[in-house]
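Q: Residue strings, one per chain:
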Amino acid sequence: MAENNTLGDSLRRHGVSRRGFLKFCTATASLMALPPSMVPAIAAALEKARRPSVIWLSFQECTGCTESLTRSHSPSVESLIFDHISLDYHHTLQAAAGEAAEAAREAAMHENKGNYILVVDGSIPLGNPGYSTIAGISNLQMLEETAKDAAAIVAVGTCAAFGGLPQANPNPTGAVSVSDIIKNKPIINVSGCPPIPTVITGVLAHFLTFGTIPELDQYNRPKVFYGQSIHDRCYRRPFYDKGLFAETFDDEGAKAGWCLYKLGCKGPMTYNACATTKWNQGTSWPVESGHGCLGCSEPRFWDAGGFYNALSVPISDNSQTVAFAAAAGLVLGAAAAGLNYKTKDEAQKAHANVTVDDLEKTS
Amino acid sequence: MNEPMDFLIWTRGTAFDIAVTIFVIGVILRLFEIISLGRKQNLAEPKGTEFGPGMRTIFTRSIPDPGTFRRQPLTVVTGYLFHIGLFVGLFLFVPHIELFRATFGFGWPGLPNPIVDAATVLAIIGLLAGLWHRLMNPVMRKISSGEDWLVWTLTFLPILTGYLAYHRMVNPYPLILGLHVLSVEALLIAFPFTKLMHTFTVFLSRWYNGAMSGRRGVES
Amino acid sequence: MSQATLERGINALKEQIDAPVAAFFSSCVSCGMCAEACLFYTETGDPKYTPIYKLEPLRRVWESEYTLFGKLKKALGLHKPVTDQMLAEWQELLYDSCTMCARCSMVCPVGNDIAYMVRKTREGMVASGNSPEGVKGAATRAVTIGSPMGVKLSALEAQIRHIEADSGLKIPMDVEGADYLALLSSMEIMNFPEYLQALAKIFKQAGVSWTLCSSAFEATNSGIQIGSSDIARTLVQRIVDGAERLKVKHVISPECGHAYTAIRWDGPNLIGRPFPFRVVHILELLDELRAAGRIKTRDLESDRHTFHDPCSIARKGGVIDGPRRLMNMVTSDFVDMKEHGKMAWCCGGGGGVSSNEDADELRIRAFKKKRDQIAETGAEVLVTACANCRLVIEEGLEEYKVELPVVGLSELIADHLVVDEEPPETPE
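Chains as they are written, first to last, in the working numbering: chain Y, 5 to 367; chain F, 62 to 281; chain R, 213 to 640.
Do not take every clue at face value.
What the hints assert, rightly or not - Straight-line alpha carbon distances no greater than 27 Å define the calculated BS3-like cross-link-like pairs of lysine-lysine that follow:
1. R:554 <-> R:581
2. R:292 <-> Y:346
3. Y:353 <-> Y:365
4. R:461 <-> F:108
5. R:292 <-> Y:365
6. R:286 <-> Y:353
7. Y:348 <-> F:101
Think of the hints as simulated: they come from the structure by calculation, not from any bench.
None of these values were measured; they are calculated from a predicted model.
Could you put the whole structure together from the sequences, leaning on the hints where they help?
A: Next up, the structure:
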């Protein structure tokens, strides 16, 4: 339930020092590409921010997004922020179950009508509603009724943002994203499979600080986190430019930390903050650990060809296409040759001997 | 909502299959069409051989006759700039090599990107200068057909979009990469049915020229 | 049925298109370099004389008949057909402004043999009745009278009598079993009889067994020039018949460009079987005699000489180094033109142009190229090996008021020949 104390109070009660809090504010400011002069304003705003009510709906998902957030090591200000938002409904995390849980959701919706934040992870099946239900309520119905009075919606994870793996060809459940259904609410997509925890907290911090949603890119992702490609911020980029590539996962190039493009890294087409924010409290990130980027924060990354094929490699088996086309070409070529032979043969048969008596036109 | 990625996936998937199929069938068909027309057996006593001189001309025709070069250096210079730039960009850029490797099962070493980038700039300069020349030179204007302008455009677009994509000058990247791939597909589809075929038939033409001259004891 | 029609013309073009033609048209990128190799363009600056442009009729037939895309265009009515009007318009381009010198064929970056295709396109022009009057007349005279200039055997016999009387040399006629059958061009008979005299002198000294043939003395072939294989075949057949009748081992092509093309390269293909004799150009034979030490020269010319390569002999015939060795036998100051041999510039009168009155003015304009080339060498004498080139150059120089003697290389050799008092007996 939303309590009548501020975020600042709550943090202090949990032993977060002023120093730690300001450090978080500074990090948040830099994360959101705000000038350092904004730090006091952020701190002041956050101090006074009332704990917002958050309703978290999980649809067709793997719980990876929730895992990503909750497995972050404590103590982190990020996790504390999560402790101190009023997470009024999250069916993975909450103790309540069944009708009691649904009652909590409805209560939160009523109490904070028009002010609560709706967080969604997972895609919504439009095929048979029975593919995914909660307490007998279809995902579609639950989303529509919960979204109705939300202040804003945060679609966490690529499933909620873009449809995600459930939507992968041939999309058996008819999975769609939140924005495919909800058209009249501000939606912030925090894509990634899973998304970076800092990015989620950053978005919430922005909302708390300014009461608005951050500037978004064309996929409704906060530009501050999704404005640059992995490739552009990758520490291995110099190897790409020099033409130094790992050819296999255990060759000398791989050991030397060369570019993983040839091993299928989708960094060039992927917009996310992994290369700068990193994962696990800044320990590492996929490319640093020696594996190419899968492109998981991009729409339809799941249908964009093999994870271990270079981005320039066509999605379907090109050598097979070439082989079939070559065979067809031989057959059609032989036919074309036959036609040409016939045309020329007929012309030769139609030849009338030219003599000096034939040099003038009829006229 | 998802257009640029859908577009990229389509260009890298279905559209690529269609383009490659048309390209491969078309090129083979055209080569059959050409070679099947045959050559009459030559009964005149030869002064020289055909095969060797033909092969020789395939290489030597890349070097212009000095007198002709002096008369029309721009044609030669723009031609060199464009062809060398295109060759480097097409065959020595690592992502392209990966495409060939996936198709043919083998690859070759590429060049560092700044070199490929410079070559691409040369190709673009060569093509633009070539276009200007085609517009200004009375001979080229006289003999240029709609096809020549089409072929110029189809050649220019992949290089331009490739350059823009590499330098990430258009956002989002999937859009410009998709446009690059699409422009290549347009090129592949038009290829067999236009003078783009000279890429392959130039070897035939030069060989025939060299062989016919070689038979008469002349190096052509 | 004797009449030329568009249908026959197009059919002829269809017959002529072969794999090289298809490869050439597929390869052309309209770069225009061929224009820079063509003296009709360089001397006029008119882009319509661009060699590849002259082939548009052949290209259209190739596209619509022998390419899938062209057939599709034709079916959809998008194809521009070859019309009689178009061919009439192209007559100037294919005859007046093209000597089939093949210089363009040497510079085309994609290797297109444009002259090869012009020759083929002329087949369609003849069959559709779009060849120039002058060339038609020459072809008609060649077939009906026996020579494009209307020279009859009696005229040749008269010249022979003159030469024999003047020089005391014997000109053999119809000698069965001779090693060599010498052919002549009408121009040599009428304008340059010194050629025949030179032959008699050189062959006597070198001990060459040779003869003329009363039924086959004319080497030129108007069929090749007008571009009709049928007419060319008729004319070549006369030479083959004559040579076979006299059972000669060799036939000598005279100082004439296209005659060499006609007999040496096209002849066996026209009659459909290899020749039972060898064809040599007179310069090739002279070079062989020189190499064998059978002819020697003295008193080298000290004036500066240069040599004009007849296109059919040099670029299209491979007779390039021999003439230079021969030039050095007779001159001490031989200078080649800057572009010579396989890159020589045409005199502007080959390929039937000199017998085509429509082209007279254009030919003179185009001749500037040769005039300038000669002037650049500073030569005082121009030597060549083709009666047609010789006449065209003489006319051109006169037009531009340049005083410069033009001589045939064979005559020059004869002039400087070391003649023994007692010539060796001809070996049997």
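Q: Does each hint hold? Answer for all of them.
A: Each hint tested on the structure:
| no. | hint | result |
| --- | --- | --- |
| 1 | R:554 <-> R:581 | holds, 16 Å |
| 2 | R:292 <-> Y:346 | holds, 23 Å |
| 3 | Y:353 <-> Y:365 | holds, 22 Å |
| 4 | R:461 <-> F:108 | holds, 18 Å |
| 5 | R:292 <-> Y:365 | holds, 22 Å |
| 6 | R:286 <-> Y:353 | holds, 23 Å |
| 7 | Y:348 <-> F:101 | holds, 13 Å |
Violation of the numbered hints given earlier is absent; every hint is satisfied by the structure.
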